[in-house]
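Colleague: We have chain Y; now place chain P onto it with these hints.
Listed in order, the protein sequences are those of chains Y and P. When you number the first sequence by our numbering, it's gap-free, plus one each residue, and the end is 455. When you number the second sequence by our numbering, it's gap-free, plus one each residue, and the end is 746.
Don't read these hints as lab results, they were simulated from the structure. Given the structure is predicted, the values throughout are model-derived calculations rather than measurements. Glycine residues also receive a C-beta, built at the ideal position from the N, C-alpha and C atoms. Wrong hints could be hidden among the right ones.
[Stated by the list, open to error] Straight-line distance between alpha carbons at most 25 Å, and here's what the computed DMTMM-like set of lysine to aspartate or glutamate pairs gives:
1) K356(Y) - E619(P)
2) K420(Y) - D567(P)
3) K438(Y) - E649(P)
4) K631(P) - E434(Y)
5) K443(Y) - D726(P)
6) K640(P) - E419(Y)
7) K612(P) - E368(Y)
8) K438(Y) - D462(P)
9) K443(Y) - D732(P)
10) K631(P) - E451(Y)
11) K477(P) - E598(P)
12) K708(P) - E649(P)
13) K612(P) - D361(Y)
14) K303(Y) - D502(P)
15) K653(P) - E742(P)
16) K514(P) - E486(P)
17) K428(Y) - D732(P)
18) K428(Y) - E619(P)
19) K715(P) - E439(Y)
20) K428(Y) - E486(P)
21) K443(Y) - E723(P)
22) K631(P) - E743(P)
23) K303(Y) - D407(Y)
24) K687(P) - E360(Y)
25) K715(P) - E434(Y)
26) K705(P) - D213(Y)
[What the hints assert, rightly or not] Some but not every residue of chain Y turned toward chain P, in silico, with C-beta under 8 Å:
27) P338
28) T341
29) M418
30) T430
31) A441
32) A442
Here is what each chain is made of, one letter per residue.
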Amino acid sequence: MRIIVAIKQVISRDASLRVDPTGTWVEDTGAGFEINEPDAYALEAALQLKEQHVGEVIALCAGPATASQTIRDALAKGADRAIHIEEEDPGRFGMLGLSRLLAKAAEAEAPDLILTGLQSDDFGYGQTGVIMAELLGLPHSTIIMQVEVSATGVRVKRELEDGWFQHLEMPLPAVLTIQSGINKLRYATLMGIKKAKSKEVKRLTAADLGVEAPAVLAMEKIYAPHRSKQTVMIEGTAKEQAAKLIQILRSEVRVL
Amino acid sequence: MSILAILEKNNRETLAAAQDLGKQLNLPVNAAIFKPDVPQAKLEKVYHLRHELLNEYTADGYTAALEALIRKVQPTVVLFPHTYQVRDYAPKLATRLNRELISDVVQLKGETMVRQLFQGKLNADYTLKGEAPHLASIQAGAYSADQIEPGTPTPEIFEPELTASMIRTKPQPPFREAQRAVDLTAADKIVSVGRGIKEESNIALIENLAKAMGAEIAASRPICDNNWLPMERQVGSSGQTVAPKLYLAIGISGAIQHLVGMKGAKTIVAINKDPHAPIFEVADYGIAGDLFEVVPALIEELNR
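Here chain Y stands alone, though its shape is the one from the complex (with noise of 0.2 Å):
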């Protein structure tokens, strides 16, 4: 079976975030940089489908030239190939437009299933996965925990709040976004590594998938959140911060 892995590439969650000059978005440049969190979960069960199944896993990346390295680690994971849209500001795309680049550089692949992470550790929409379905044409589920490929579809395990779970089925081609935690993430081996240097990443344009840019975007500006509580900071040398915070649980708030 052929699998697709959607990947993005995010700043470095210990990153400190300034807003950059355009108000738009953040200082990045000298920023670490890491494969979304949850899409690595994505990739991880696309590898581990792969091996029950046999078949070929395509990492998909839409981001600037940097993002190579992202995808040059799921190809040292074990993804056999990559396509990798370069596009220097993703953002500029929206989260509709970015899902269109997305969902056509996959269709041409005519992939059995796509998968990934079931948010973004930056913009967070968490939509990215069923948007691309509903353009594609093709169920879908979202939060998913568990997946099961048979000779009908696949059978999926979806999560639900506080504790609740579902299973269900689809046939293929399907849509999954992946829930951190499904599986345990591997590592790249050596030998993965080596392998990478070798695979084929095709590079595309957005110009390439006939996908432009909206006029407007609904976003318009970020800033710090102004705080709402007044919290109150103690202070001092960790020993002292101790004896404060105990003596205010006891004395103030007596819950000790």
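Modeller: Okay, now just chain P, sitting in the frame of chain Y:
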């Protein structure tokens, strides 16, 4: 020209948001329901979407039904609660209408909608541009349900034309994994741990603190994903929603998915190395510092 609120059970916040937006934009507010559970709120119309193919939720069925309703009613703004179910179908519905869904909105300011980026570290303003309908999903807790203006609307049945062949997924009944051994909702003190703990072997440190405080131990999602603590100890939108007297968040940055599960706590204390971490937005008391220094000091202080 109207507001349409799509309701599931227990999302009175969406109703409050719709009424508020209706006032701000001077538009009548309608609601759509899938179950005969009529909201007791002041509404112009309530559409009860009824069809045997809607008895159980499917993304295909709900999308087709709401597409038909939206084309008929032609609302200016459609608001959804930001639930897992909405996350499953609303982006599909928006795409079918050739629109974008502004998801996970935490605040409505007239035609400006505020949502969070980077796990709550930054906010972003979105404005309603282009042609109606505009679609947005509202985060639980963004609005207080007390703000609802009461009323006794009469529902109107809306029967969309659906055929079995439109529904491609076969859902099975929801189930719970093994019975929960821990009921965090009953705890009055919770010590909760997040990514900042770095390694599994460090969890013992937090366990010692919980013991010294007589508190239950809980965690944010990544900790349970790694199996460092069992899933049943997870607090947040996919875990338990708690409201203890004291919630001590250690090394938890405070993504919205976690905050919705604990912000009802009476007193919130946060310990985090990043003074800008969003957890401090909801904390009553904060310590910006290294948990590996502060937590041992707390244990020592408690055991004195």
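Colleague: It remains to establish, for every hint, whether it holds in the given structure.
Modeller: Against the structure, the hints:
no., hint, verdict
1, K356(Y) - E619(P), "12 Å, holds"
2, K420(Y) - D567(P), "6 Å, holds"
3, K438(Y) - E649(P), "19 Å, holds"
4, K631(P) - E434(Y), "23 Å, holds"
5, K443(Y) - D726(P), "14 Å, holds"
6, K640(P) - E419(Y), "36 Å, violated"
7, K612(P) - E368(Y), "5 Å, holds"
8, K438(Y) - D462(P), "48 Å, violated"
9, K443(Y) - D732(P), "16 Å, holds"
10, K631(P) - E451(Y), "15 Å, holds"
11, K477(P) - E598(P), "12 Å, holds"
12, K708(P) - E649(P), "22 Å, holds"
13, K612(P) - D361(Y), "22 Å, holds"
14, K303(Y) - D502(P), "22 Å, holds"
15, K653(P) - E742(P), "12 Å, holds"
16, K514(P) - E486(P), "15 Å, holds"
17, K428(Y) - D732(P), "23 Å, holds"
18, K428(Y) - E619(P), "37 Å, violated"
19, K715(P) - E439(Y), "16 Å, holds"
20, K428(Y) - E486(P), "36 Å, violated"
21, K443(Y) - E723(P), "21 Å, holds"
22, K631(P) - E743(P), "17 Å, holds"
23, K303(Y) - D407(Y), "10 Å, holds"
24, K687(P) - E360(Y), "24 Å, holds"
25, K715(P) - E434(Y), "13 Å, holds"
26, K705(P) - D213(Y), "23 Å, holds"
27, P338, "4 Å, holds"
28, T341, "5 Å, holds"
29, M418, "5 Å, holds"
30, T430, "5 Å, holds"
31, A441, "3 Å, holds"
32, A442, "5 Å, holds"
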